[in-house]
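Given the coordinates of chain A, work out where chain Z should sit on it, guided by the hints.
There are 2 protein chains.
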Amino acid sequence: MHLNEIIYLDNAATTRKKPKVVYDAFDYYIKEIGASPGRGSHLLSVLASRYLYQARKTVSRYFGCTSTNNVVFTKNATEAANLFLRGYLKKGDHVLLSPMEHNAIFRPIHSLKKEGRIDYDIIPLEVFRDLKTDVLDMYVKESTKLCIITLASNITGEILLSSEINKYLKSRDIKVLLDTAQGAGRVKLSMVNDNIDYLIFTAHKDLYGMPGIGGLCSLEKLDIEPLLQGGTGVHSEEFINPDIVPEKYEAGTINMPSIWSLKTGIEYIEENMEEIIEKERKLYTICLEGLKKLKNVIIYGGEKIDKYLSIISFNIDGVDCQEVSRQLSENNICVRSGHHCNILGHINIGTKDIGTVRVSLDYHNSIQELEKFIDIIKKISKG
Amino acid sequence: MHLNEIIYLDNAATTRKKPKVVYDAFDYYIKEIGASPGRGSHLLSVLASRYLYQARKTVSRYFGCTSTNNVVFTKNATEAANLFLRGYLKKGDHVLLSPMEHNAIFRPIHSLKKEGRIDYDIIPLEVFRDLKTDVLDMYVKESTKLCIITLASNITGEILLSSEINKYLKSRDIKVLLDTAQGAGRVKLSMVNDNIDYLIFTAHKDLYGMPGIGGLCSLEKLDIEPLLQGGTGVHSEEFINPDIVPEKYEAGTINMPSIWSLKTGIEYIEENMEEIIEKERKLYTICLEGLKKLKNVIIYGGEKIDKYLSIISFNIDGVDCQEVSRQLSENNICVRSGHHCNILGHINIGTKDIGTVRVSLDYHNSIQELEKFIDIIKKISKG
Numbered sequence: 001m002h003l004n005e006i007i008y009l010d011n012a013a014t015t016r017k018k019p020k021v022v023y024d025a026f027d028y029y030i031k032e033i034g035a036s037p038g039r040g041s042h043l044l045s046v047l048a049s050r051y052l053y054q055a056r057k058t059v060s061r062y063f064g065c066t067s068t069n070n071v072v073f074t075k076n077a078t079e080a081a082n083l084f085l086r087g088y089l090k091k092g093d094h095v096l097l098s099p100m101e102h103n104a105i106f107r108p109i110h111s112l113k114k115e116g117r118i119d120y121d122i123i124p125l126e127v128f129r130d131l132k133t134d135v136l137d138m139y140v141k142e143s144t145k146l147c148i149i150t151l152a153s154n155i156t157g158e159i160l161l162s163s164e165i166n167k168y169l170k171s172r173d174i175k176v177l178l179d180t181a182q183g184a185g186r187v188k189l190s191m192v193n194d195n196i197d198y199l200i201f202t203a204h205k206d207l208y209g210m211p212g213i214g215g216l217c218s219l220e221k222l223d224i225e226p227l228l229q230g231g232t233g234v235h236s237e238e239f240i241n242p243d244i245v246p247e248k249y250e251a252g253t254i255n256m257p258s259i260w261s262l263k264t265g266i267e268y269i270e271e272n273m274e275e276i277i278e279k280e281r282k283l284y285t286i287c288l289e290g291l292k293k294l295k296n297v298i299i300y301g302g303e304k305i306d307k308y309l310s311i312i313s314f315n316i317d318g319v320d321c322q323e324v325s326r327q328l329s330e331n332n333i334c335v336r337s338g339h340h341c342n343i344l345g346h347i348n349i350g351t352k353d354i355g356t357v358r359v360s361l362d363y364h365n366s367i368q369e370l371e372k373f374i375d376i377i378k379k380i381s382k383g
Numbered sequence: 001m002h003l004n005e006i007i008y009l010d011n012a013a014t015t016r017k018k019p020k021v022v023y024d025a026f027d028y029y030i031k032e033i034g035a036s037p038g039r040g041s042h043l044l045s046v047l048a049s050r051y052l053y054q055a056r057k058t059v060s061r062y063f064g065c066t067s068t069n070n071v072v073f074t075k076n077a078t079e080a081a082n083l084f085l086r087g088y089l090k091k092g093d094h095v096l097l098s099p100m101e102h103n104a105i106f107r108p109i110h111s112l113k114k115e116g117r118i119d120y121d122i123i124p125l126e127v128f129r130d131l132k133t134d135v136l137d138m139y140v141k142e143s144t145k146l147c148i149i150t151l152a153s154n155i156t157g158e159i160l161l162s163s164e165i166n167k168y169l170k171s172r173d174i175k176v177l178l179d180t181a182q183g184a185g186r187v188k189l190s191m192v193n194d195n196i197d198y199l200i201f202t203a204h205k206d207l208y209g210m211p212g213i214g215g216l217c218s219l220e221k222l223d224i225e226p227l228l229q230g231g232t233g234v235h236s237e238e239f240i241n242p243d244i245v246p247e248k249y250e251a252g253t254i255n256m257p258s259i260w261s262l263k264t265g266i267e268y269i270e271e272n273m274e275e276i277i278e279k280e281r282k283l284y285t286i287c288l289e290g291l292k293k294l295k296n297v298i299i300y301g302g303e304k305i306d307k308y309l310s311i312i313s314f315n316i317d318g319v320d321c322q323e324v325s326r327q328l329s330e331n332n333i334c335v336r337s338g339h340h341c342n343i344l345g346h347i348n349i350g351t352k353d354i355g356t357v358r359v360s361l362d363y364h365n366s367i368q369e370l371e372k373f374i375d376i377i378k379k380i381s382k383g
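Sequences listed follow chains A and Z, in order. Each residue of the first sequence is one higher than the one before, starting from 1 at the first, in my numbering. Each residue of the second sequence is one higher than the one before, starting from 1 at the first, in my numbering.
Note that these hints are calculated values from the structure, not bench results. This one's a predicted model, so the numbers in the text were calculated from it and none came from an experiment. It is possible that some hints are incorrect.
Straight-line Cα separation of at most 30 Å, DSSO-like style, residue types lysine-lysine; simulated pairs [unchecked claim]:
hint	chain 1	residue 1	chain 2	residue 2
1	A	Lys-90	Z	Lys-91
2	A	Lys-114	Z	Lys-114
3	Z	Lys-57	A	Lys-17
4	Z	Lys-91	A	Lys-91
5	A	Lys-31	Z	Lys-188
6	Z	Lys-292	Z	Lys-378
In isolation and in its complexed conformation, chain A is listed as follows:
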């Protein structure tokens, strides 16, 4: 079996195929530039610093942020979440969470609670689904400082972002942190217009960048303690990180080739978004309809298809989810089964003990691939 014969339907974990321009951008950077930004004033380092600035500008523009200086690069969304939550939340703060938060958000929040620093509550899904501000209101306390919302669930693909809920939160003086790890490349949003105060992103999923880069955007200048102390390339003479943003939050050598690949990935999406979304909608509909026809298949979500990314979680009645993915894998089809690093979401959709099979599609998949996938599920489900 050749690796290129594999049918990869695990794009919510990492998009396996990137546009050619993304590979080329990485290659160009590592082979032609090869130097790190901010380390020295020689011509390559200056060029690297310009490229870094351009990448920040692209990220800032894409997310409708306010300034290139408000874009901090981290190694992944998880580091961005830890940097922000550890730095921003103070003793006694209360935090609201959507019920679909990934462990990258939930675990740092739960740790802060365990340490006795904060408390949190989880808001029901209907708040986001049906814009029930009256229900949301029941969870707000005097000490509520932050509400964390996932752009879209990595389990079911459901899109939770709503401008209305954010507007309401703003009226209550509660800041919004949006985790866009899933859906950043598929849902057009604007931090300014949608009242998103802080935003976390990762490169390696639907933004088509390489693994090893993520980040944090903020509407206003970030003013928290850094997570990492170390060399910042500026003001080396100071005994702790200098108070200069965003460098203060980026100690150590930055992953510049991957940043350059991310910039290129975002530009690719900006240019091709309509086409990408149209194709994925088509693939998603075929997959969803195909699964719906099978008996014994339980689908979690997918009711209003425009409220979902191209991710479907399901189970086959009486068959363990790991067994389903094992049989698919035997047929060279890659999907993910289990809890998908998200315990809150599984508690919410009632699959805490059993997990789900998750199929996550990408623009680079084909109808033929989905037909083969449905065919095997049909056999397993005896549908």
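Below, chain Z without anything else, positioned relative to chain A:
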């Protein structure tokens, strides 16, 4: 001017040229595998997990560590330092530092002191240079828990590691943390034989990996609090990172293509170390002798050439170091001037206020490149 006409002598910041096998390894991983390890049980994820295991094995073998499970990957040496120091040091601990520690070590340590958690002292250079355990002894306190030593200075290239000092520290029940960011690919060492309890590394310098990966090795199973909470791919159902090493310390999607490039870089070094060192010794000697002949050039170090990496820090009397690198840059030569993210070292060599010009060589440099470099320094120094 073409980018490939540049003479790059800033390899201590980042080696610009990597062996072809390293580029190829990255390319193979990102295009053929493309999936993340530990995310799902499908065939690509299983393959990715095997590759990750192989990479840990290579790192563990190379550094003479005890187990693949004792190799933790981080985004760079700075994250590894922060993870270890924040996790390992407890209130009241006293720490010893070599006087050449990089800001990646010094700033986290100084921050911990500022927070009132620890105290530290800086040991004189003669301890490492002349193996003066009696001098070292004067700095040891009842509460001294850790001694941090840089393998080699990123300013002067001086190699500080000595088995004898580590042996003495062991006899005093003080653990050793070695920062190998500079020199990991040029100084053969063994954690077990040289009594190095903890070791920090980075890929993008003389180990010839890509930027975006570093790590921490420990002789014994690491048992500290993780720096990052988040998705670990294992035990997703737990509310905080599960107590499984090394996954506990690697929350979030790991930079697997770069890990694969690092593995390949290390293997390249293992196969070619003698040849690499021989060539670099030759280049270093030519450069050092060339600079020594020039009047007005002050060199910091280089007395016993086998005690130095191929790094030379110098100044030209009466000329600002930034002006020197500017003039070199005008001639397409890249060196780094200033403080090189290392304030302690500059205090120690007496260049705190003026910084130095640093030229750092690599196996991929040529004699012709150095001749051109010396020629320009000659003009600037009027030597």
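Taking the hints in turn, this is what the structure says about them:
no.: 1; hint: A:Lys-90 x Z:Lys-91; in the structure: 21 Å, holds
no.: 2; hint: A:Lys-114 x Z:Lys-114; in the structure: 25 Å, holds
no.: 3; hint: Z:Lys-57 x A:Lys-17; in the structure: 28 Å, holds
no.: 4; hint: Z:Lys-91 x A:Lys-91; in the structure: 20 Å, holds
no.: 5; hint: A:Lys-31 x Z:Lys-188; in the structure: 28 Å, holds
no.: 6; hint: Z:Lys-292 x Z:Lys-378; in the structure: 11 Å, holds
Comparing the model with each earlier hint shows no violations; every hint is respected.
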